[in-house]
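Chain by chain, the residues run as shown.
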Amino acid sequence: MKLQQLSLFLENRPGRLGAPLEAIAAAGINLMTLSLADTAQFGILRLIVREWEQARQVLEDAGWVVNLTEVVAVDLLDRPGGLAQALKVLESAGLNIEYLYAFSLRRGDKAILIFRFDDPDQAITVLKAAGLHVVDAEELFSHVA
Amino acid sequence: MQTELWNDAAGGFHPASAPDFLPAERLKEVQLRRLRAVVSRAYEYVPLFRQRLEARGLTPDAIGELADIAKLPFTIKTDLRDTYPFGLFASPMGDIVRLHASSGTTGKPIVVGYTREDVDVWAEVMARTFAACGLHRGDIVQNAFGYGLFTGGLGAHYGAEALGATVIPVSGGNTERQLMVLRDFGVSALCCTPSYFVHLIERAKEAGVDLKGLPLRVGVFGAEPWSDAMRVHIEANTALKAYDIYGLSEITGPGVASECAQQDGLHVFEDHFYPEIIDPETGASLPDGAEGELVLTTLSKKAMPMIRYRTRDITRIIAAPCACGRTLRRIERIGRRSDDMIIIRGVNVFPSQVEAALLQVEGALPHYRIILTRKSGLDQMAVEVEVTPEVFSDKVGALEAVRARLAQAIEQICGIRVDLRLVEPRTIERSEGKAKRVIDQRAI
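Chains as they are written, first to last, in numbering that gives the first Met the number 0: chain A, 0 to 144; chain B, 0 to 443.
A few of these clues could be false.
[Unchecked claim] Only pairs whose alpha carbons sit at most 30 Å apart, straight line, appear in this in silico BS3-like list of lysine-lysine:
#: 1; chain 1: B; residue 1: 394; chain 2: A; residue 2: 109
#: 2; chain 1: A; residue 1: 127; chain 2: A; residue 2: 109
#: 3; chain 1: B; residue 1: 70; chain 2: A; residue 2: 127
#: 4; chain 1: B; residue 1: 27; chain 2: B; residue 2: 70
#: 5; chain 1: B; residue 1: 107; chain 2: B; residue 2: 76
#: 6; chain 1: B; residue 1: 27; chain 2: B; residue 2: 76
#: 7; chain 1: A; residue 1: 1; chain 2: B; residue 2: 394
#: 8; chain 1: B; residue 1: 204; chain 2: B; residue 2: 374
#: 9; chain 1: B; residue 1: 394; chain 2: A; residue 2: 87
#: 10; chain 1: B; residue 1: 374; chain 2: B; residue 2: 211
[As the list claims (entries may be wrong)] Pulled from the structure, derived: some chain A residues nowhere near chain B, Cβ distances all over 10 Å:
#: 11; residue: 4
#: 12; residue: 21
#: 13; residue: 24
#: 14; residue: 28
#: 15; residue: 30
#: 16; residue: 33
#: 17; residue: 50
#: 18; residue: 86
#: 19; residue: 87
#: 20; residue: 99
#: 21; residue: 125
#: 22; residue: 138
[Unchecked claim] Using C-beta positions, here's what the derived DEER-type ranges look like:
#: 23; chain 1: A; residue 1: 136; chain 2: B; residue 2: 416; range: 43 to 51 Å
#: 24; chain 1: B; residue 1: 290; chain 2: A; residue 2: 56; range: 23 to 31 Å
#: 25; chain 1: A; residue 1: 15; chain 2: B; residue 2: 323; range: 55 to 63 Å
#: 26; chain 1: A; residue 1: 15; chain 2: B; residue 2: 83; range: 44 to 52 Å
#: 27; chain 1: B; residue 1: 359; chain 2: A; residue 2: 69; range: 27 to 35 Å
#: 28; chain 1: B; residue 1: 438; chain 2: A; residue 2: 13; range: 16 to 24 Å
#: 29; chain 1: A; residue 1: 15; chain 2: B; residue 2: 288; range: 47 to 55 Å
#: 30; chain 1: A; residue 1: 13; chain 2: B; residue 2: 201; range: 23 to 31 Å
#: 31; chain 1: A; residue 1: 12; chain 2: B; residue 2: 318; range: 24 to 32 Å
#: 32; chain 1: A; residue 1: 11; chain 2: B; residue 2: 372; range: 13 to 21 Å
#: 33; chain 1: A; residue 1: 56; chain 2: B; residue 2: 404; range: 27 to 35 Å
#: 34; chain 1: A; residue 1: 97; chain 2: B; residue 2: 416; range: 27 to 35 Å
#: 35; chain 1: B; residue 1: 416; chain 2: A; residue 2: 118; range: 36 to 44 Å
#: 36; chain 1: B; residue 1: 404; chain 2: A; residue 2: 91; range: 41 to 49 Å
Please keep in mind that the hints were generated in silico from the structure rather than gathered at the bench. Backbone N, C-alpha and C define an ideal beta-carbon position, used for all residues, glycine too.
Assemble the whole structure, with the sequences as input and the hints as a guide.
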């Protein structure tokens, strides 16, 4: 049920974001989504790709420090309160969200969010028990043409 | 009866400066007598020194003439660390009236002690320093060297008082207050680190204080190396003459050597501190005029005699007579060191200290480099550290925490706040052999 997310360290200066993306593109790997967290001094680029093992190799060979993290993709109703409902479930279960970002892909009336939890397995159990749809890699990537 | 502090009849020189003008032969007699005494004292009371002499089959009787000093073993900075805190003291604690400390190479400070006599000698050499810089009774001296464990503040303070000048113990920092005192108190002389004074010049401009219109006529600058370009900059922006002074805590603090009105080399107060130049690689003695490492022996120190202390400062001895009339030999201004020590705002920092801090936090040594810059006259130290897989995280908070821990460890060990930057892997240049760890971009 979990997705593999690649993170890499970037210095916060012009032009730094382009290089890793170009490296991935040159390897013919399609980027599913990304999120960039930044401070005044540095940034962390988080990537979801189908061929994460290959992407990781490409990035590491090019000299980046790559971190592999398991994240959870959740299908939410794309209407007011859709996210609030999911958050309520997580909150009442006492689960801590490290960060979250939206998946670029939409499916009809659904939006997909990527969650980073301390404990992804427990989060999946809780989300499923609440009737929320957790999207696994196979399903997620099958939507991408 | 009032003590005569300043003697007009002596050509305007302070009587304390008399030893500056000793005939060379007389000076050598004084040096030899004092050298024999200090070697005997160290032999008797400092176990480390005694062991080293015995290992060479020597006793203090080996000193028959001044040149015999070359037979004696060197003392190095790590000896102070290894015997921390009081292991090199030659006086019982009951006779020690003062302790100072400065940063060492691994985080442990180096501790130095003074007897009453030592404090008096220190005040004397600092009075001679100020006199050589053209100060006398009636001058108002703003002392912006830091007061505290650092020897600069109290050393200059006692010297200015011994000279009979009025001393204002402002200590370091608080630029607003420095400018207020400078403007309102009729200050004629200022002592501080040269980089701090360049900062003061900038701030005075911003605050609309016209330094050229003030009675300020003498600047006594030390505790860090500075360039001739900096002197030109300082003198062009003020009405003062900028003098270089030299000293180190291990020997006494400031007051080891000073420029005179000629501003052409620093006279070593060699009746108290005997200078030699050695080849830093082989340790062989070099003649006057040759460039090498300065080695100093304290000829009159009681609490902590230093025999042939290796300063790591590279200079040469100028034996030619000086136009000022002083017979004391001079050393050239210190431009570089034989080790990799860097001096930032008067604080000594070794790259090895930075390494120790990085190692402590990360467990392994990452690639790093130190970048020194000067921002409106103040030295800044940045440390760039390459991110390693071990410390990298996808969480911003975790990375910020690593950065904070690294910065804190460096500040704790080096005693200086640094701008710590995490940088991408493989962005710091690798070089064959010894990596260029320090990039010094300080100009003016």
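Hint check results:
| no. | hint | verdict |
| --- | --- | --- |
| 1 | 394/B x 109/A | holds, 27 Å |
| 2 | 127/A x 109/A | holds, 16 Å |
| 3 | 70/B x 127/A | violated, 84 Å |
| 4 | 27/B x 70/B | holds, 18 Å |
| 5 | 107/B x 76/B | holds, 12 Å |
| 6 | 27/B x 76/B | holds, 28 Å |
| 7 | 1/A x 394/B | holds, 18 Å |
| 8 | 204/B x 374/B | holds, 15 Å |
| 9 | 394/B x 87/A | holds, 23 Å |
| 10 | 374/B x 211/B | holds, 23 Å |
| 11 | 4 | violated, 7 Å |
| 12 | 21 | holds, 15 Å |
| 13 | 24 | holds, 19 Å |
| 14 | 28 | holds, 19 Å |
| 15 | 30 | holds, 17 Å |
| 16 | 33 | holds, 12 Å |
| 17 | 50 | holds, 19 Å |
| 18 | 86 | holds, 19 Å |
| 19 | 87 | holds, 24 Å |
| 20 | 99 | holds, 12 Å |
| 21 | 125 | holds, 21 Å |
| 22 | 138 | holds, 23 Å |
| 23 | 136/A x 416/B: 43 to 51 Å | holds, 47 Å |
| 24 | 290/B x 56/A: 23 to 31 Å | violated, 54 Å |
| 25 | 15/A x 323/B: 55 to 63 Å | holds, 58 Å |
| 26 | 15/A x 83/B: 44 to 52 Å | holds, 45 Å |
| 27 | 359/B x 69/A: 27 to 35 Å | holds, 31 Å |
| 28 | 438/B x 13/A: 16 to 24 Å | holds, 21 Å |
| 29 | 15/A x 288/B: 47 to 55 Å | holds, 53 Å |
| 30 | 13/A x 201/B: 23 to 31 Å | holds, 30 Å |
| 31 | 12/A x 318/B: 24 to 32 Å | violated, 54 Å |
| 32 | 11/A x 372/B: 13 to 21 Å | holds, 19 Å |
| 33 | 56/A x 404/B: 27 to 35 Å | holds, 31 Å |
| 34 | 97/A x 416/B: 27 to 35 Å | holds, 30 Å |
| 35 | 416/B x 118/A: 36 to 44 Å | holds, 38 Å |
| 36 | 404/B x 91/A: 41 to 49 Å | violated, 35 Å |
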